[in-house]
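Given chain W, put chains R and E in place with the hints provided.
Given next are the chains, with one letter for each unit.
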Amino acid sequence: MARAVSTRRQVAVSILAWVVALAIFFPILWTVLTSFKTEAEAIASPPSFLFFDWTLENYGEVQERSDYFRHFMNSVVISLGSTLLGLLIAIPAAWSMAFVPARRTKDVLMWMLSTKMLPPVGVLIPIYLMFRDLGLLDTRTGLVIVLTLINLPIIVWMLYTYFKEIPGEILEAARMDGATLWSEIVHVLTPMAVPGIASTLLLNVILAWNEAFWTLNLTAAKAAPLTAFIASYSSPEGLFYAKLSAASTMAIAPILIIGWFSQKQLVRGLTFGAVK
Amino acid sequence: MGTITLSKVTKSFGSTEVIPPLDLEINDGEFVVFVGPSGCGKSTLLRLIAGLEDVSSGVIEIDGRDATRIPPARRGLAMVFQSYALYPHMSVAKNIAFPLKMTGVDKKVADEKVAAAAKVLNLTDYLERRPGQLSGGQRQRVAIGRAIVREPEAFLFDEPLSNLDAALRVNMRLEISQLHQDLATTMIYVTHDQVEAMTMADKIVVLHAGHIEQVGSPLELYNNPANMFVAGFIGSPKMNFIGGETASTFGADTIGVRPEHFAIATEPSDGAWEATVDVSEHLGSDTFFHLHSGIGERLTIRSVGELGLKHGDKVYVTPDQSRIHRFDANGKTVASQR
Amino acid sequence: MATAHSRTAARFMLSPAVVLLLGWMIIPLSMTIYFSFLRYNLLMPGMEEFTGFTNYRFFLTDPAFFEALVNTIVLVVGVLLITVIGGTLLALLLDQPVWGQGVVRILVIAPFFVMPTVSALVWKNMFMNPVNGLFAHMAKAVGLEPFDFLAQAPLFSIIIMVAWQWLPFATLILLTALQSLDREQIEASEIDGAGPFSRFFYIVLPHMARAITVVILIQTIFLLSVFAEILVTTNGGPGYASTNITYLVYVQSLLQYDVGGGSAGGIVAVILANIVAIFLMRMIGKNLEV
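Residue numbers (UniProt numbering), protein chains in the order written: chain W, 1 to 276; chain R, 1 to 338; chain E, 1 to 290.
Think of the hints as simulated: they come from the structure by calculation, not from any bench. Possibly wrong hints are sitting among the right ones.
As the list claims (entries may be wrong) - Heads up, incomplete: computed chain E residues facing chain W, CB under 8 Å, no partners named:
1) Ala9
2) Ala10
3) Leu29
4) Thr61
5) Pro63
6) Leu92
7) Gln96
8) Val108
9) Val122
10) Ala141
11) Leu144
12) Val251
13) Leu254
14) Gln256
15) Val259
16) Gly285
We put the beta carbon where it would ideally sit given N, CA and C, even for glycine.
Just chain W, with the same shape it has in the complex (with noise of 0.2 Å):
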């Protein structure tokens, strides 16, 4: 754009932009600061923003008092889990759907969309049922089979509107150096796919990791990941800010980081592509 931006006007703006995106910000950076507070400090009042005395203690406690590893692993086990068997099932037939396009495949993809849009309670009694039947409540296996099946429209979704861009011709281009269809999909199509099958990858372990309705209805203490873990300290009030913000801090900052790296394929995932 050949607008000449002023300097003052760039000052003028800047500032505010900072100052409200530190505004948004700060519910985060104030639970990160006050898991480095004594429980007494997290409390105190006037609350002290940068001055008191830095601990570490509260990491240490939160995993001796409610051994936090193993929900952590359960969310990772989770989380990854559905991720990559989401994708196992996905990928065929995102490639289908893409490379051999049929009269029906928009019903489909509409359909599939469908499908995500049906709330969770509207099924949530006979999953819960079948689950205590199966003996699948609170355990990571059961919260691998509906987070799957729930995510597995978006990824879908996500890894067709990658699909869609590698041009055709290329498959027909390995189809006729003799290649198989297996190594077509295995040589040519994934390499291609590696930045798109990335950014969908990320992009649901955030919601699977996130996803805070199966996660606390389907687990108990066993299987729980760190949303449920979390949910246990809804009762014990007053005392255990500084724990609290410390078991926060370490359940968010991995999708965090995750999150900042997929920011943009994050607008294409969660609008199925109706904004790009």
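The following block gives chains R and E in isolation, referenced to the frame of chain W:
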């Protein structure tokens, strides 16, 4: 070797018939060009031969063997695509070696073949680059290299030059012709550009709405077009068509005269048509005149060298009587009365 | 554009996804519909009997349902208002040249990645707590009586928490849309003499209309199902003051073990969501080229 025979081949997409029953014979070592306007089915026909599409009915024989149901990978053909279709994540060397890898050729043999192909195509210095770092012409050569190493029964080219700029296109045209001379392998080449067809082909197949309008050598098509479609499609600028009374005096429904088959003069003479210059295009070697004539038609006339006529000048044009094409009401060529 | 061989392969490769999703959708949903016509309580096993529309009648005439319905609507509309208006303003701000733009963006987007239970507990304890919360400290510092957010304005508090989580989403999508606006259009309108306000209303806003609609529809789908925030903060109370339909169904089925009543509520929720979903699907479908 690379003979390809199509018998009664048809192709329909749903209820639309793209290619009505079609027969075609392609001899070993021939350079055959499929030419026609966009949507005429030429690319579909090529894809049927390649096996990228199924025929709806009919038989395709390659090298005397029924290939109708054989998947593309095992038809022994190589194809060069319009978009080049290079694998962007592989180096040039890997791209060229890919078909060899797929057919399980020994690594050492493959390396030798890649090196040889790269040498022929002047790609030796670029073997480690990615396709994204190459110019359009170089990408095209990589695509050709990938086809050469397979030593196929026949090469298929799908509008390979249409993404190149004009100057490069002329060069690549020569390179492909040269390649055909060297390899003497059957080549099928699809284009919408009649100049490419005329300059490269041993045999041109003119397609229109899925039909073969005419098959022949370039000069056969130029001199003896079977119908108005071929007459209008082959040759540039386009043949002039004149109907009405003028045509009747030649015993035809429509007559056609190519721009280069007129004599142009500023003085009236016997059998000349009077016309007025609208636009004149000076190319140096030739001059094209766009005229409107007394016989009620627009005419394009080509004259060799410089001719200083300008807008509004009155001229007299005389068609070369021996090169007038006569067409009947259906557009078919009427047998010569000479 | 393919051969019979590849079409067969395609169908074969598509089928696992289709079969799984079909199973996921049809089996539990039809079970829910079936349960919704039964008198079925987990505390009284073996007493199931067909009761017709009784569960629906009880669910729909329960005063709690009406309150939950109103709460659901207030929650959805409130969060939408905050996020769409706030998101538009933020997007306009972040579209300007700003020093440290990358960092600003990261800070603004961050809340979206915070898991709902963490966000709810942090807001509940560290900000809204009437004794130890930051808001209480701030009120005391200026000599005001601390306000007990979750007791006195439970729904409003939940709206604030949820809006904080979804504001980044709206901002991100609206910013993406804004950045796809053709700069030449803006310049042309400047040459045509449009001021900043008419430029916003006649050029920018119409361009963003689509993205805003998408934001509204997608958020609505998620907001209808807000659950964790209510569970860990207010438990739906006091009374039913912060209970939405989703939470009501949860209470009825998993806390009161009334499978029949809960199922009827679930089906009601499905119907409500479908009304929104139909509009959303049309929007996305129109945009889809196969």
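Verification of the hints:
1. Ala9: 6 Å, holds
2. Ala10: The hint holds - Ala10(E) has a Cβ within 8 Å of chain W, the shortest such distance being about 3 Å.
3. Leu29: 6 Å, holds
4. Thr61: 19 Å, violated
5. Pro63: At 20 Å from the nearest chain W Cβ, Pro63(E) fails the 8 Å test, so the hint is violated.
6. Leu92: Hint violated; Leu92(E) Cβ to chain W Cβ min 10 Å, cut 8 Å.
7. Gln96: 5 Å, holds
8. Val108: 5 Å, holds
9. Val122: Holds: closest Cβ of chain W sits about 5 Å from Val122(E), inside 8 Å.
10. Ala141: 6 Å, holds
11. Leu144: At 14 Å from the nearest chain W Cβ, Leu144(E) fails the 8 Å test, so the hint is violated.
12. Val251: At 11 Å from the nearest chain W Cβ, Val251(E) fails the 8 Å test, so the hint is violated.
13. Leu254: 7 Å, holds
14. Gln256: Cβ of Gln256(E) sits 12 Å from chain W, so the hint is violated.
15. Val259: 5 Å, holds
16. Gly285: Given a least distance of 5 Å, the restraint on Gly285(E) holds.
Consistency note: the structure conflicts with the earlier hints numbered 4, 5, 6, 11, 12 and 14.
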